[in-house]
Each structure stands twice: as C-alpha cells, then as structure tokens.
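Chain by chain, the residues run as shown.
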Amino acid sequence: MRILHLSWEFPPKKIGGLATALHGLVGAQAQKHEVHVVTCGFDGCKPYERKGKLHIHRFDSNIPSKDFLSWALSMNMYMKMSAADVINKYGKFDLVHAHDWLSALAAFFVKYTYRVPLVSTIHSTEHGRRQGVHESYQRVIHDVESKLVYESWRVITCSHFMKYQVMDVFNCPGDKIDVVGNGVLLEQFTEEFNWEEVKSRFALPHERIILFVGRMVPEKGCDVLVGAARFVLPHHPNVKFICVGSGYMRDKYLDDSRFLGVHDKFYFPGYIDDRTLHALMRVADAVVVPSRYEPFGIVALEAMAARTPVVVSDTGGLSEVVEHDKDGLKVWAGHSESLAWGINRVLGDHGHSQWLVSNAFEKVKTVFNWKMAAGKTDEIYTRVLSEYHVNRWKPKIPIDMSSHS
Amino acid sequence: MKNKRVMFLTWEYPPRNLSPISRYCRDLSVKISSEMDVIVVTFDDWKASKSSFKMDGEGLYIFYVENSIKNTPSPLMWSLTLSSDMERVASEVFYELDGKVDLIHANDWITFPTAIALKKAFRKPLVVTLHSIEPTRVAGSDPYIEAIKKIEWQGTYEADRVLVNSLWMKDKVMQYYNVPGAKMDVCTPDWNGWSADVLKSYRRILGGKK
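Line order of the protein sequences matches chains A and B. By this note's numbering, the letter at position 217 of the first sequence is numbered 238, and the numbering carries on one by one without gaps. By this note's numbering, the letter at position 4 of the second sequence is numbered 36, and the numbering carries on one by one without gaps.
FYI, nobody ran anything at the bench for these hints, they're computed from the structure. A couple of the hints might just be wrong.
[Stated by the list, open to error] List time: in silico SDA-like cross-link candidates among lysine to any residue, alpha-carbon distance up to 20 Å: (1) LYS87/A <-> LYS182/B; (2) LYS132/B <-> LEU238/B; (3) LYS102/B <-> HIS148/A; (4) LYS87/A <-> ASN103/B; (5) LYS182/B <-> SER82/A; (6) LYS67/A <-> ILE84/A; (7) LYS132/B <-> ASN109/A; (8) LYS397/A <-> GLY48/A; (9) LYS102/B <-> ASN192/A; (10) LYS181/B <-> PHE89/A; (11) LYS87/A <-> PRO167/B; (12) LYS384/A <-> GLY372/A; (13) LYS113/A <-> GLU124/B; (14) LYS415/A <-> VAL133/B; (15) LYS72/A <-> GLN209/A; (16) LYS181/B <-> ILE84/A; (17) LYS182/B <-> ASN83/A; (18) LYS87/A <-> TRP185/B; (19) LYS384/A <-> ARG303/A; (20) LYS87/A <-> ARG169/B; (21) LYS415/A <-> LEU129/B; (22) LYS102/B <-> VAL154/A; (23) LYS87/A <-> ASP174/B; (24) LYS182/B <-> PHE80/A; (25) LYS415/A <-> TYR127/B; (26) LYS87/A <-> VAL170/B; (27) LYS102/B <-> ARG160/A; (28) LYS181/B <-> ASP88/A; (29) LYS87/A <-> SER173/B; (30) LYS415/A <-> ARG120/B; (31) LYS102/B <-> PHE89/A; (32) LYS87/A <-> GLU166/B; (33) LYS87/A <-> TYR176/B; (34) LYS182/B <-> ASP64/A; (35) LYS110/A <-> PRO157/B; (36) LYS232/B <-> VAL133/B; (37) LYS415/A <-> ARG155/B.
Build the full structure now, drawing on both the sequences and the hints.
See the structure below:
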C-alpha cells in the first residue's frame, strides 16, 4: 500500500501533539507500507528525508501573512503543489490521510483531482479548543473542519470523547468514525542519563517534583495547578512545581503564583527539548494533567511510560486513558482542591503510587502502543479500499502521465 | 484547433459583473468557442444554487461553483477556500471527459491557486491572463499584499504563457515579476484580431497551424 500523509507539523518541527502522534504512527506503518509525509519545512530543514520505507517531503512554508489563518490557507496552496509533485513522481497512491484542518485543503485537492480515497484524523476541533465558535475567523476554521469530516471516506479520532464531539459539532454519523488511540514510544524512556544532574537543573536535591507539561493556554489548565499549590504545601512543604511549555498565558500564571505567595515553589522553564523532557518525566514524583479540554492526553501516556504516577482531570480522552485508582488518579476538571487531593495522595502513599505505576506501565505496553494503532489504522484502510474498488467514483482512466511535464 | 478543449477558470462570469474580467471572459469564451470547445468554470453562488451546468451554444459549457466555506474575512482567504470547490468541479468535468482537456486558462490571481494545482494534477499546460497586478493596484506593502504578490508571481512562474491586455501591463509584469518577455503575449481586447491573438498564443503551446 502506498499512503500519503498530509500534516503541517512533523518532527523535528513540533508545536502540538500532532507531530508526536503522527511520528509514532508512520514509524509503525512504514514497517509494512510505503509511507510518504508531506509537511511544512522550516529554516535549515532537509527538503527530503528517507528512513527505510518512510519518505518525508518538506516544502517551503515561509509565506507572508497577517494572521495564522491566512498563513494556513496559503500554506495549503504550496502543500498541494508539493503533494502533486510527489504523486507525479512516485505514481498512484492508494490513500491520502489528512491530519486536522491545517492540511484539509490539500487533502481535498488530492481527493478531487487524483480520485484517491481520503481518510482523516481529527486530533482536535476548533469548537473544543475555544469552547464554541464565536467569530468569523473561527467560523472559517470550523467550516474547513466540517468539510474535512464530510469529504472523508472515514474519520479517525483518538478517543470516544472526540468521536462524540465530531458527531455533535459536525453532525457526522457515528458509523463513519473509528476510534484509534495514540501510542507511546517506550524506547524514548529507557535512555541513560545523569539523574542528579537533570534534577539539579530544575529543583533542589531534597525537593519532590510535580511536573506539568503543556501549552500555557486556558484549556490546558496550568492555573488549576497554581491554585492547587496552597492545598498541597501544608502537607508536603518540600515540593517543587515545574510547568513546562510556552503560551500566551504564561505571564498570567506567574502573576497568579506571586499573588498566592507560592511563586518560590514554581518554576516555568518554557519550552525544553525532548530528551531533557523525557528525563525530567522520569525524575518527577508525579505528572499532572489538569486540562479542561483534552482530545487524548498524550502527556499522561508518556508519564505512564516513564513510570511516574499521573494525576489527570476526569475529562475528554484522559477519562479513557486512565482508570481511577488503578493506573492513575482522576480528579475534577478545573478544580484546584480536587487536584491537590490527587497530588497529596500520590505523594503521601508511596506503596500505592508504585502500584499505580506498575499497572500503568503494563497498560502502555499492551494497550497504547503504535504497532496496535497502526494495525487498527490498517484495518480502516483495507475497508476503505475494498469499498473504493467497487465504487463508480474510481477513475475510469489513469491520468495521462506522459503528455506534459 | 477543432477537437481541442480549453478550460477557462474565472471568478466571475455574466450575469455576475463586478469587474471587466466578467465581460472579458464572456466575450473571449464566445469568440473562441467557434474554434474550439470552451469549458468555463466560474464562481457564481446564485447560479450554482439553481443548476451547476449550462450549455451555451455550440462548444461553450459553463459550470457554476459555490464556495462552501462561508464568512471568509478577506478576499485572499475567499480565493484560497474557493479553490477547493473549483478543483472539485473541474475534476468532475475532467473525468467526465476522460481527461480530454488540452489547456487550462486562468484569469487573475484569484483563480491561480486552483490553476496551479490543476496544472500539476492534470499535467496540462497553463495559460494565465493578468488583467492587473497587485503592485499596480495598491501602493505600499504589508503581509496581506505580499501574500497576493506571491500568488501572482507563482502563477506567472508556473504558466506556460502569460497573457496581458496592453504593452504597459507587459512592462509592469516584467518589471515586478521578472517574467521573460518571450513568455508573454499582448492580446488587446475589443479588437478584431483579439481572439485570433489568443488562439495564436494557445497554438504556441498546443502546436498546429499558426
């Protein structure tokens, strides 16, 4: 099978969880299939890379634009050109797989002009990210997402929560949607590193680390953690809260911690590289994911793979990833006292948290790995292709590849 | 040029009439349709809501397209989202005709995102007409203007021939987009030899009697 993935981000360029998720998926897919990824380039990137059966094509995405939406739509024009070049060079593709609205226009183009069946993964929705669609800027994104869902042969979501959201906000029939959970690459958490050295960069030797990883935006709920500090510190005074990630709310959260008088217990290092982050996850005493909206919650999965206890809010995909008191703790979303209860329980009962950790690790090994996710995705592809081959929409003639360059 | 087909891409066509492009496309498509088949793919949300297709005399077919993305905050975004629907309709026509389209002719930057994509996918030659260009329409520069300039430049770069309506325009296109003069043809509208000029330009790509 020859598969074309369209995504605006792919490692080493990482903005959200999409790059991580796609990286895991295509790595597993490339064991069996010829996989091409068409993605945005960046300064100093390699325009073409090949790892076995995995081909990565990067195009120049430096486009003048006055806002993100104009950039995204213009970028799709170049993604179309790049995708067409790839198809014209490598021959017919069996499937095109789009990831989120940012590659939707390019995906429509491949579907319409080459008559290749389109599968899409909806990693998150504008409606969910902003708790509704409020103005015309957002409406365009929402409409493009809606059209992507409509034009797709099948839609993949990473959790049942997202499935119901896609059904709800786009009026997509439920039997068109398949749920394929994300996975985690365990080998990222087995590398050797200097435990003391990593810890010393973030906390004092005697301090216990509570780690938050996520963008500093309201939906990720870092402010809930800031609020929870006052309820944790009386019980566990030797705690350090480390909030990794950047975003427009970062300064606000810093101010909050000063206002509550707990700023000496908080550290906002901003963005840190993957290797340090993975090491830090293993050093940490607990990882918290206090999101208000979370399509999947790959951070929780990574923490489970790093053998660190997790405290997550009972919302979205997190509700499905974590089983309460079995492989992690679930607390109320957006509720600082509840989050503090979870942190205190993990810090206070070492035996219990070790039991959670071993259960959690077993779970990521057996349930959330990319091989299984790729297998499930394969089944979806096979189904789409079997339907495609008996379909009238299939082109009668192959496009003449010789007539014009 | 009999048995040849040209696909005309435009963002307006009568009865829609906001700029001279509408009348340009109408006059030219009618004139050329006596020599070759003309398929017009145009934006027209009102017409599209009634019927997607109209046969207008021998050899002239008009397809109406509606932009399925509403409320776009700027013409640039409108153009970029419209291109999806243009591509869908153009592809349906293309496959219905078993790929027997010989040439794509695009009018102004609004249709360039569609035209460039179709050129690559269908592997057909592309002719573009620049009625005006952004540097002559607006003074100064901001990211929005630069984005349009980039699309205009990309269109001239991808095109096999670039048509302009006047020598002055040819000069401006050469000046701003560095298009070689040998790649451009001046085809003055409202002149007796207009369609002959355009057809001559087509023949340079398609071959055949001059």
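Hints and how they fare:
1. Between LYS87/A and LYS182/B the alpha-carbon distance is near 14 Å, which keeps this suggested pair within the 20 Å criterion.
2. Of the supplied pair hints, the one linking LYS132/B and LEU238/B holds, its CA atoms being roughly 13 Å apart against a limit of 20 Å.
3. The hinted pair formed by LYS102/B and HIS148/A meets the criterion: a straight-line CA distance of about 16 Å does not exceed 20 Å.
4. Taking the CA atoms of LYS87/A and ASN103/B, the gap is about 17 Å. The hint holds against a cut of 20 Å.
5. For a cut-off of 20 Å, the pair hint linking LYS182/B to SER82/A stands: about 12 Å separates their Cα positions.
6. Only pairs whose Cα atoms come within 20 Å are accepted, and LYS67/A paired with ILE84/A is accepted, the gap being roughly 18 Å.
7. Distance check on the hinted pair: LYS132/B and ASN109/A sit about 18 Å apart at the alpha-carbon level, within 20 Å; holds.
8. For the hint pairing LYS397/A with GLY48/A, the CA-to-CA distance comes to about 14 Å; that is within 20 Å, so the pair holds.
9. Distance check on the hinted pair: LYS102/B and ASN192/A sit about 17 Å apart at the alpha-carbon level, within 20 Å; holds.
10. Using a Cα cut-off of 20 Å, the hinted pair LYS181/B and PHE89/A holds, with the two alpha carbons roughly 18 Å apart.
11. Taken as a hint, the LYS87/A and PRO167/B pair is honoured in the structure, with Cα atoms around 18 Å apart against an allowance of 20 Å.
12. With a C-alpha separation of about 19 Å, the suggested pairing of LYS384/A with GLY372/A holds against the 20 Å cut-off.
13. The hinted pair formed by LYS113/A and GLU124/B meets the criterion: a straight-line CA distance of about 18 Å does not exceed 20 Å.
14. A hinted pair counts as satisfied when its Cα atoms are at most 20 Å apart, and LYS415/A with VAL133/B qualifies at roughly 19 Å.
15. For the hint pairing LYS72/A with GLN209/A, the CA-to-CA distance comes to about 18 Å; that is within 20 Å, so the pair holds.
16. For the hint linking LYS181/B to ILE84/A, the alpha-carbon distance of about 11 Å falls within 20 Å, and the restraint holds.
17. For the hint pairing LYS182/B with ASN83/A, the CA-to-CA distance comes to about 11 Å; that is within 20 Å, so the pair holds.
18. Under the criterion of a C-alpha separation no larger than 20 Å, the hint pairing LYS87/A with TRP185/B is consistent with the structure, at around 19 Å.
19. The straight-line distance between the Cα atoms of LYS384/A and ARG303/A is roughly 17 Å, inside the 20 Å bound, and the hint therefore holds.
20. Distance hint between LYS87/A and ARG169/B is fulfilled; the C-alpha atoms sit about 19 Å from each other, no more than 20 Å.
21. Simply put, LYS415/A and LEU129/B have alpha-carbon atoms about 14 Å apart, close enough for the 20 Å limit, and the pair holds.
22. Taking the CA atoms of LYS102/B and VAL154/A, the gap is near 14 Å; set against the 20 Å cutoff, the hint holds.
23. Between LYS87/A and ASP174/B, the direct Cα distance comes to roughly 8 Å. Compliance with the 20 Å bound is thereby established for this hinted pair.
24. Simply put, LYS182/B and PHE80/A have alpha-carbon atoms about 15 Å apart, close enough for the 20 Å limit, and the pair holds.
25. At most 20 Å may separate the alpha-carbon atoms for a hinted pair to count; LYS415/A and TYR127/B meet this at roughly 10 Å.
26. Between the alpha carbons of LYS87/A and VAL170/B the distance comes to roughly 17 Å, so the proposed pair stays at or under 20 Å and holds.
27. For the hint linking LYS102/B to ARG160/A, the alpha-carbon distance of about 8 Å falls within 20 Å, and the restraint holds.
28. For the hint pairing LYS181/B with ASP88/A, the CA-to-CA distance comes to about 17 Å; that is within 20 Å, so the pair holds.
29. In summary, the hint linking LYS87/A to SER173/B is supported, as the alpha carbons are separated by about 12 Å, within the 20 Å threshold.
30. Distance restraint check for LYS415/A and ARG120/B: the Cα-Cα separation of roughly 14 Å lies within the 20 Å cut-off, and the hinted pair is therefore satisfied.
31. Our distance criterion of 20 Å between C-alpha atoms is met by LYS102/B and PHE89/A, whose separation comes to about 18 Å.
32. Simply put, LYS87/A and GLU166/B have alpha-carbon atoms about 16 Å apart, close enough for the 20 Å limit, and the pair holds.
33. Between the alpha carbons of LYS87/A and TYR176/B the distance comes to roughly 6 Å, so the proposed pair stays at or under 20 Å and holds.
34. Restraint check for LYS182/B and ASP64/A: the C-alpha separation of about 19 Å stays at or below 20 Å, so the hint holds.
35. Restraint check: the Cα-Cα separation between LYS110/A and PRO157/B comes to about 18 Å, which is no more than 20 Å; the hinted pair holds.
36. Note on LYS232/B and VAL133/B: the hinted pairing holds, with a Cα-Cα distance of about 18 Å set against a maximum of 20 Å.
37. About 19 Å separates the Cα atoms of LYS415/A and ARG155/B, which keeps this hinted pair within 20 Å; it holds.
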